[in-house]
Structure formats: C-alpha cells, structure tokens
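Trainee: Under our numbering, the first residue of the sequence shown carries the number 1, and numbering increases by one thereafter.
If you're looking for bench data, these hints aren't it; they were derived computationally from the structure.
Remember, it's a predicted structure, so these values are computed and weren't measured experimentally.
Treat each hint with caution, since some may be false.
With a Cα cut of at most 35 Å, we get these calculated DSBU-like pairs of lysine-lysine [as the list claims (entries may be wrong)]: (1) K29 <-> K46; (2) K23 <-> K46; (3) K40 <-> K29; (4) K34 <-> K46; (5) K52 <-> K66; (6) K29 <-> K66; (7) K66 <-> K40; (8) K40 <-> K52; (9) K23 <-> K66; (10) K66 <-> K34; (11) K29 <-> K52; (12) K46 <-> K35; (13) K23 <-> K52; (14) K66 <-> K35; (15) K66 <-> K46.
Simulated DEER-style distance windows between Cβ atoms [claimed, not checked]: (16) T32 <-> S253: 15 to 25 Å; (17) P177 <-> T32: 41 to 51 Å; (18) T149 <-> T331: 45 to 55 Å; (19) S154 <-> K35: 50 to 60 Å; (20) S154 <-> I267: 19 to 29 Å; (21) T149 <-> E278: 43 to 53 Å; (22) E39 <-> T331: 49 to 59 Å; (23) I267 <-> E132: 39 to 49 Å; (24) T331 <-> T32: 44 to 54 Å; (25) G262 <-> N304: 52 to 62 Å; (26) K52 <-> S154: 39 to 49 Å; (27) N249 <-> P169: 50 to 60 Å; (28) S253 <-> I329: 19 to 29 Å.
Don't be surprised by glycine CBs; every beta carbon is placed ideally from N, CA and C.
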Amino acid sequence: MRIGKRKVINLPQKLVLRNEIVKVRGRVKTITIKKEEFEKFLQLRKLRILDKEYYALMPPLDNLLKNTIDVNGLATLVQQFMTLMFSNSGNTSQTTPAQMVLMTQGGNITLSYANNINLNSQGVTVYMQVLEESGNWTFQYFYIGFDTTNDSYSTSGLELYVSAYVYVPPFGGYTVPVSCYTNAVRIAYTNASFTKSADSYLFIVWLVEFQNIPSYLVAFTPTLQNNVGIMINSTGRGSNYTVYFNNGNCNFSCGGGCPSSGLSGFITYVQSNSVTLEFPLTATLYTGVSNLEVLLCTTAVFNNLPNISGSTSSTLTPPVSGATFYVAIATITITYQGS
Numbered sequence: 001m002r003i004g005k006r007k008v009i010n011l012p013q014k015l016v017l018r019n020e021i022v023k024v025r026g027r028v029k030t031i032t033i034k035k036e037e038f039e040k041f042l043q044l045r046k047l048r049i050l051d052k053e054y055y056a057l058m059p060p061l062d063n064l065l066k067n068t069i070d071v072n073g074l075a076t077l078v079q080q081f082m083t084l085m086f087s088n089s090g091n092t093s094q095t096t097p098a099q100m101v102l103m104t105q106g107g108n109i110t111l112s113y114a115n116n117i118n119l120n121s122q123g124v125t126v127y128m129q130v131l132e133e134s135g136n137w138t139f140q141y142f143y144i145g146f147d148t149t150n151d152s153y154s155t156s157g158l159e160l161y162v163s164a165y166v167y168v169p170p171f172g173g174y175t176v177p178v179s180c181y182t183n184a185v186r187i188a189y190t191n192a193s194f195t196k197s198a199d200s201y202l203f204i205v206w207l208v209e210f211q212n213i214p215s216y217l218v219a220f221t222p223t224l225q226n227n228v229g230i231m232i233n234s235t236g237r238g239s240n241y242t243v244y245f246n247n248g249n250c251n252f253s254c255g256g257g258c259p260s261s262g263l264s265g266f267i268t269y270v271q272s273n274s275v276t277l278e279f280p281l282t283a284t285l286y287t288g289v290s291n292l293e294v295l296l297c298t299t300a301v302f303n304n305l306p307n308i309s310g311s312t313s314s315t316l317t318p319p320v321s322g323a324t325f326y327v328a329i330a331t332i333t334i335t336y337q338g339s
C-alpha cells in the first residue's frame with residue numbers, strides 16, 4: 001500500500017458476508033422389491049414449489065443415508081453455472097439432467113434420464129421442491145433411479161451425475177429463447193453393496209439439496225435441471241448482482257446512487273470439503289472514508305418461480321490505522337460446503 005498526501009489505495013480485502021456458507025447435502029438409499037409388489041410400492045407424494053403443490057410417484061423417502069459430496073464435481077458445476085450466468089451464452093445442446101452409475105464386477109451400469117418410471121426399463125427421473133422460511137431458501141432435488149428389467153447383478157458403489165442450466169431470453173443474436181447447459185458432473189457417490197435378482201426391481205432414491213440459502217445468495221446457487229422446468233435467467237437478462245460502496249455522500253441502499261461495481265470475473269477453488277467462489281471488484285469513491293460500508297444486492301429471476309431478491313452489508317476497515325479509502329478494492333467470497 002502506498003500512502004500519499006491526498007490518496008490512499010487499500011490492499012485487497014475480502015468482504016465477508018453474513019451466512020455466506022451454502023450447505024450442499026446429499027442422502028441416498030437403495031431398495032429392491034419383488035416384482036409382484038410393484039403396484040403397491042410406489043406412492044404419490046405431495047411436493048411443494050413454495051405455496052404450490054404437485055404430486056410425484058416415488059418410493060418411500062424414509063431412512064435415507066448420508067453419502068459423500070464430490071467437491072471437485074461441485075466446483076466444476078459452480079464454475080460452469082456462473083460462466084453461463086455472466087456470458088449469456090454457452091452450450092445450447094441438451095445435456096442429460098441426471099445419470100446414476102452402478103459399479104458391478106461385470107462393469108458399470110448407467111441409468112440415464114427418463115421422464116417417468118416405466119416397466120421393463122432403466123432410468124433416472126428427477127423432481128424438485130423449493131421451500132422458504134424466514135428469508136432462507138432450500139432447493140431440493142429428488143433423483144429416482146430405477147431398474148425394472150430382468151437383469152441381475154451385484155453392486156459395490158453408486159455415483160450421481162447432474163447438470164445445471166440457465167435461461168437466456170431473446171436478445172442480440174438470439175431471436176428465440178435458449179437454454180444453456182453445464183456438463184453433467186459427478187456431484188455425489190457412496191458405497192452400496194446389494195444384489196438385484198432377475199425376479200426383483202431396483203429403486204434408488206437420492207436427495208441433493210442446497211440448504212438454508214439467504215435470499216442474496218440464491219442468484220449464486222446452481223439451478224439443477226428438473227422435471228418442473230424451473231430455471232434461472234442469466235445476468236443482464238433479468239438476474240443481477242451489484243455491489244455499492246458508501247462514500248458518505250450518497251443514499252446507501254440498493255439502487256441508491258452510491259459508487260457501485262458489477263460482478264463478472266471470478267475464480268473457484270476447493271478447500272477441504274468446501275468450494276470457494278470469489279469475485280474481485282474495484283470502485284472509485286471520489287472522497288475519503290475511514291471505514292467503508294459495502295452493500296451487496298442481488299436479484300434472481302426465474303422461469304416458473306417468483307423473483308428472489310436480497311441484500312447484505314459489511315464494513316471494510318483500512319489496512320493501516322488512520323488511512324483513508326479513495327479506491328476500494330475488495331473480494332466477495334462465497335463458500336459451498338459439502339456435508
């Protein structure tokens with residue numbers, strides 16, 4: 001840091017946001033049943049998208065067991081999702097919403113996406129639930145794998161692959177809306193030893209959820225492909241992120257005219273069981289302040305879901321006692337923690 005008579009430029013500081021940890025949790029179980037039990041086995045379950053309800057035909061959801069979140073896969077998912085959000089373009093070819101890989105002695109068996117559970121077939125279907133309580137959001141994804149064929153095998157492990165997507169409304173070179181997709185990445189895996197016989201059916205219930213997300217972090221949370229068609233609009237096409245800096249001479253509020261900076265460039269990296277997403281930003285304040293208030297404002301605009309807006313503030317302190325900020329350089333840090 002260089003100190004002159006009229007200007008001080010501070011060294012980069014990380015803006016620590018309240019409740020900045022988004023927890024990513026997974027649970028799974030496997031069930032084999034006799035073929036004759038099929039008709040009474042599946043249940044109609046009521047799911048919620050906020051205040052709207054719908055029914056899905058699913059196996060029982062009790063006694064789900066903890067799995068392992070693949071933080072490297074999660075990092076790839078976050079990185080590709082945020083790239084789609086900011087680029088307003090990307091892979092427009094349909095990516096499979098979900099796959100389950102069953103590891104057996106005879107080789108891997110892959111269950112690929114299917115709209116519904118059918119007899120004499122293999123596949124994975126996915127249902128979504130969105131819950132909100134006291135300003136905190138939970139996005140749940142129920143992946144239902146099934147094998148209703150006569151195949152028989154024994155497994156030693158399971159893997160779950162998922163994809164996120166972003167909606168880009170018509171603008172510029174796009175004359176029609178498009179959906180941009182991430183690659184399918186492994187997000188969870190587990191040891192699972194069981195045998196499927198020729199006279200039985202197999203069902204796998206895998207729940208992945210992004211838990212207790214404050215409203216201002218919803219726009220940073222990957223929206224996974226799902227059966228009910230909920231997807232987020234890309235930034236600039238509705239969704240937005242703005243950081244405001246209070247220089248003591250402005251209305252310090254979302255849209256209040258304070259010096260501001262948008263978010264664009266970012267990095268992701270893995271630490272232990274967490275993925276960190278960081279955005280560097282710079283703003284000229286035009287006047288000096290000793291303690292700088294910073295405000296993050298976000299809006300997530302969705303298809304088939306109400307807009308979700310939120311904000312949070314923090315204070316950057318000068319790196320040297322008595323220093324005065326004229327140019328603010330900071331890094332917003334968000335953590336996704338696998339559990």
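Trainee: Does each hint hold? Answer for all of them.
Mentor: Hints, verified against the model:
1. K29 <-> K46: holds, 20 Å
2. K23 <-> K46: holds, 24 Å
3. K40 <-> K29: holds, 19 Å
4. K34 <-> K46: holds, 25 Å
5. K52 <-> K66: holds, 29 Å
6. K29 <-> K66: This hinted pair holds, its Cα atoms lying about 9 Å apart.
7. K66 <-> K40: holds, 27 Å
8. K40 <-> K52: holds, 27 Å
9. K23 <-> K66: Given pair K23, K66 holds - Cα atoms ~14 Å apart, limit 35 Å.
10. K66 <-> K34: holds, 26 Å
11. K29 <-> K52: holds, 27 Å
12. K46 <-> K35: holds, 25 Å
13. K23 <-> K52: holds, 25 Å
14. K66 <-> K35: holds, 28 Å
15. K66 <-> K46: Holds, at roughly 23 Å.
16. T32 <-> S253: 15 to 25 Å: Taking Cβ atoms as reference, T32 and S253 lie about 57 Å apart, which means the hint is violated.
17. P177 <-> T32: 41 to 51 Å: Between P177 and T32, where Cβ atoms are some 42 Å apart, the hint holds.
18. T149 <-> T331: 45 to 55 Å: holds, 52 Å
19. S154 <-> K35: 50 to 60 Å: violated, 19 Å
20. S154 <-> I267: 19 to 29 Å: With Cβ atoms ~43 Å apart, the hint is violated.
21. T149 <-> E278: 43 to 53 Å: For E278 against T149, whose Cβ atoms are near 47 Å apart, the range 43 to 53 Å holds.
22. E39 <-> T331: 49 to 59 Å: Taking Cβ atoms as reference, E39 and T331 lie about 57 Å apart, which means the hint holds.
23. I267 <-> E132: 39 to 49 Å: Hint violated: Cβ distance 30 Å, outside 39 to 49 Å.
24. T331 <-> T32: 44 to 54 Å: holds, 50 Å
25. G262 <-> N304: 52 to 62 Å: Since the Cβ atoms of G262 and N304 sit about 26 Å apart, the hinted range of 52 to 62 Å is violated.
26. K52 <-> S154: 39 to 49 Å: holds, 42 Å
27. N249 <-> P169: 50 to 60 Å: violated, 37 Å
28. S253 <-> I329: 19 to 29 Å: Since S253 and I329 have Cβ atoms about 23 Å apart, the given range 19 to 29 Å holds.
In the structure shown, a violation is registered for the earlier hints numbered 16, 19, 20, 23, 25, 27, in ascending order.
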